[in-house]
Amino acid sequence: MRRNHASNSSLPLIFIGSITAITLLGRTNEGTHSQGQIPTCPPALAGGWTADFPARNVFNVEIGIAAQPTGHTAHFRSAGSDETGIPIWMDGDRLRFQSEALPISFSGTFSADSSSVHGFIYHGSDAIHLHLHRAEGEAVDVWETTWTPLAVPDETLAIDLFIEEDAGQQAAFLFWRDPRVGRPWTYGLQCEGNRVTFSEKNLGQVYSGEFDPDDDHIQMTVTAMGSSAPISFGRLDEGARTGPAPRVPGNAAYMHRAPESTGDGWRTADPSSEGMDTALLSDLVADITDESLTLTHGVLIARHGQLVFEEYFYGFDRDTWHDMRSASKSLTSALTGVAIDRGSIAGVHARVLDFFPRYQSYQNWDERKSEITVQHLLNMSSGLDVDDASRTSVASESAFQEQAAQPDWTRFALDAPVVADPGSHMIYGTANPHILGGVIEHAVEMPLQEFTEQYLLDPLGAERYRIFLDPTGRAYGGGGIYLRPRDMAKFGQMYLDGGVWNGTRILSEEWVDQSLVVRGRLENIRNMEYGYLFWHRSYTVGNETIESFEARGAGGQFIFIVPSLDLVAVITSGNYRNGRFNQPEEIMERYILPSIIEPNGQ
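Quick note on numbering: numbering that gives the first Met the number 0 labels position 85 of the sequence shown as 84, and the sequence is numbered without any gaps.
Hints in this document: simulated from the structure, not taken from any laboratory. Quick reminder that beta carbons are idealized off the backbone N, C-alpha and C, glycines included. One should not assume that every hint holds.
As the list claims (entries may be wrong) - Ranges between beta-carbon positions, derived for each pair: (1) Ser369 <-> Asp457: 34 to 44 Å; (2) Asn193 <-> Pro102: 29 to 39 Å; (3) Gly502 <-> Ser113: 24 to 34 Å.
Let's have the full structure, built from the sequences with the hints guiding it.
In structure tokens:
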């Protein structure tokens with residue numbers, strides 16, 4: 000799943016051991032110059048720079064709701080603004096309010112006991128889920144929280160800047176040193192003498208300042224979220240490691256134990272008590288730690304309904320969400336099942352165009368468009384020209400995310416030509432599940448992110464997550480949800496248990512069974528077997544062939560569901576554009592499955 004990011008092939012100047020920064024940080028989205036202007040920067044400005052970014056001063060926002068005699072009001076407070084008495088309006092049972100000074104708004108509901116308010120902060124292209132909790136000792140009822148758009152709430156964060164040639168021109172590239180924060184999209188480098196400016200799209204940052212060649216520093220001001228703060232970039236030493244090590248020295252080895260029980264619904268157990276060979280699990284941790292297995296951020300294993308293995312690397316932990324990329328497509332499959340189970344969609348043979356009465360006509364009209372069904376979207380056989388593996392496909396994910404003429408990506412995809420009869424060819428295209436998200440939204444008559452919250456992620460006990468939005472503000476059905484790995488594992492366990500998590504039925508068993516049936520092979524992606532937005536793969540361990548159903552995302556985001564072994568595994572990674580996308584398959588085949596099958600047997 001791409002995130003509206005332009006790719007860049009140039010390499011940073013700083014190397015990290017044997018792995019370049021392009022490998023470590025997933026350089027998929029950075030660096031463009033402003034249109035029509037070619038920056039001319041001092042030659043001495045080229046190279047790598049680093050700074051401590053004042054994250055708390057720039058991004059932290061206090062959000063609050065207060066009960067008043069005439070209703071409720073809200074407030075936003077940041078280093079650069081203090082808004083109080085913000086009016087709240089009710090939309091059914093949802094309360095909504097927005098900032099006039101900051102680019103954020105909120106939509107949420109009270110919990111049944113009024114102890115909290117949960118909902119979404121809308122910021123840029125994201126809907127970010129959070130809870131406001133009742134404050135103690137206040138004269139009036141107040142619900143509040145501190146929020147940041149960053150995944151890491153640290154006071155300062157290391158950030159690296161590279162200024163180098165890109166496609167024959169000079170460009171600026173930012174990288175957060177901590178891979179948990181994400182990948183910035185830098186653009187618009189301008190120089191006037193020693194005066195330097197550039198911007199960053201994802202978080203709305205603007206950098207402006209002066210290069211001092213005598214002191215060899217760039218003294219700048221960074222502005223975002225209505226706040227400004229000074230930042231000083233010093234030269235980044237060549238050969239410096241610009242990312243964290245997999246583990247802190249002295250804490251690298253696997254400690255054989257049950258994962259911590261946190262009250263989140265997971266029962267935990269020692270892996271050996273569930274028939275797993277801990278020597279192989281120790282080998283797995285060692286090979287991740289010495290970077291033989293590159294950029295693995297987390298590995299979780301559940302056996303017989305209990306979490307038995309939970310290990311994190313590169314600064315990640317159980318409280319840090321992770322970009323699922325296209326593994327989120329499997330959540331869209333689940334949401335389709337919820338809508339069908341509730342009777343909002345008649346079934347998989349419902350015709351897609353019936354759900355879009357707002358579109359009065361379509362480009363590239365073909366009668367076959369009217370024959371596309373929900374099932375065709377679920378198994379990637381719509382027949383539309385949406386081939387993600389083709390550079391010439393009209394509505395590949397790259398095509399619709401990188402164009403600006405049509406902000407409605409659903410409409411863009413439905414306007415694509417029909418290149419095959421619906422149902423005749425299975426061609427992987429992210430536009431299919433994104434259209435499906437629009438089908439669900441129309442059918443249930445509520446925003447897809449709110450439907451996801453109420454009927455999928457709340458029942459799973461997920462509290463912290465982030466949902467990607469298209470330019471029209473609609474949730475992206477094609478991917479981009481950030482979930483904590485334990486919540487990803489809950490999703491897999493729910494499927495393994497026939498649609499039930501922790502005693503709560505979320506999906507019908509019939510839908511779970513239908514979802515995992517192999518519907519054919521994807522012709523453009525390794526000829527892989529595919530179901531309803533789930534992958535299918537067979538693994539060989541000794542003389543055993545093991546069947547696995549999988550949610551998969553770019554960079555190595557995998558949820559494995561293995562019914563024959565009563566096993567769920569989650570692997571999160573940072574292997575973007577380095578050829579290691581399928582490393583989780585290797586981990587599964589070399590370590591996890593053999594730890595069960597050999598020597599202990601099934």
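query: Given a hinted range of 34 to 44 Å, is it respected by the beta-carbon distance of Ser369 and Asp457?
result: holds, 36 Å
- prompt: Regarding Asn193 and Pro102, is the given constraint of 29 to 39 Å on their beta-carbon distance met?
  reply: For Asn193 and Pro102 the Cβ distance comes to about 31 Å; the hint holds.
query: Is it true that the C-beta distance of Gly502 to Ser113 lies inside 24 to 34 Å, as the hint says?
result: holds, 25 Å
In this structure, every one of the numbered hints holds.
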